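Make a model of the complete structure from these sequences and hints.
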Amino acid sequence: MPIVQREIHRFQNFLVAQGLKITNERTALVREIFSTHYHFDADELLFKMKEKSVKISRATIYRTLELLVRSGLVRRVHLGEDHYHYEYVSGNSHHDHLICTTCGSVIEFHDPSLEARQLEICERKKFTPTFHNLQILGICDACRRKGEQPASPDRVQMITEDAMQLRK
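Using the numbering used here, the letters of the sequence shown map in sequence onto residues 13 to 180.
Everything labelled a hint here was simulated from the structure, so no lab data went into it. These numbers come from a predicted model, not from an experiment. Keep in mind that the hints are not guaranteed to be accurate.
Claimed, not checked - Cβ-Cβ distance ranges computed for the label pairs, FRET-style: (1) Q130 to K33: 38 to 48 Å; (2) Q147 to G31: 15 to 25 Å; (3) T39 to E132: 19 to 29 Å.
Claimed, not checked - Derived DSBU-like pairs (lysine-lysine); straight-line CA-CA distance at most 30 Å: (4) K33 to K62; (5) K64 to K33; (6) K67 to K33; (7) K33 to K60.
Quick reminder that beta carbons are idealized off the backbone N, C-alpha and C, glycines included.
So this is what it looks like as structure tokens:
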């Protein structure tokens, strides 16, 4: 079974288990999400759905995204803007992010030695982790080559404060 169809099926099973309806709008939205291989936000989804002549409300998109997060199929991430982005979760797809404070680009990375070090610290502090999200803010190579300057400390502070507010 193709990945997109498999994930639609998993989400439909989740909806049935929750006593919720499987609608054409939800199915079309989930198909779009699992065909996307980058971080996206609700407005981007609304735009894409309208481009494809799918009638769906902003409220339905937000409600469906919340259901997808609850189902574990999609992860909500904060990438330094005043709203959440989302990403498709596939298997053990944990990764961290490098975020350019100049252009907003996001570079995903996974480093097993970094993950191991974080677990060592948790063990030493007798702390049981349930989730972590590492984001490193800076300037990407493309912006650096263009002579762009890193965002001011005030801008980085604002991004950090925004992230903390969204987590509340």
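In rising order, the numbers of the hints this structure does not comply with: Of the numbered hints, 2, 3 do not hold.
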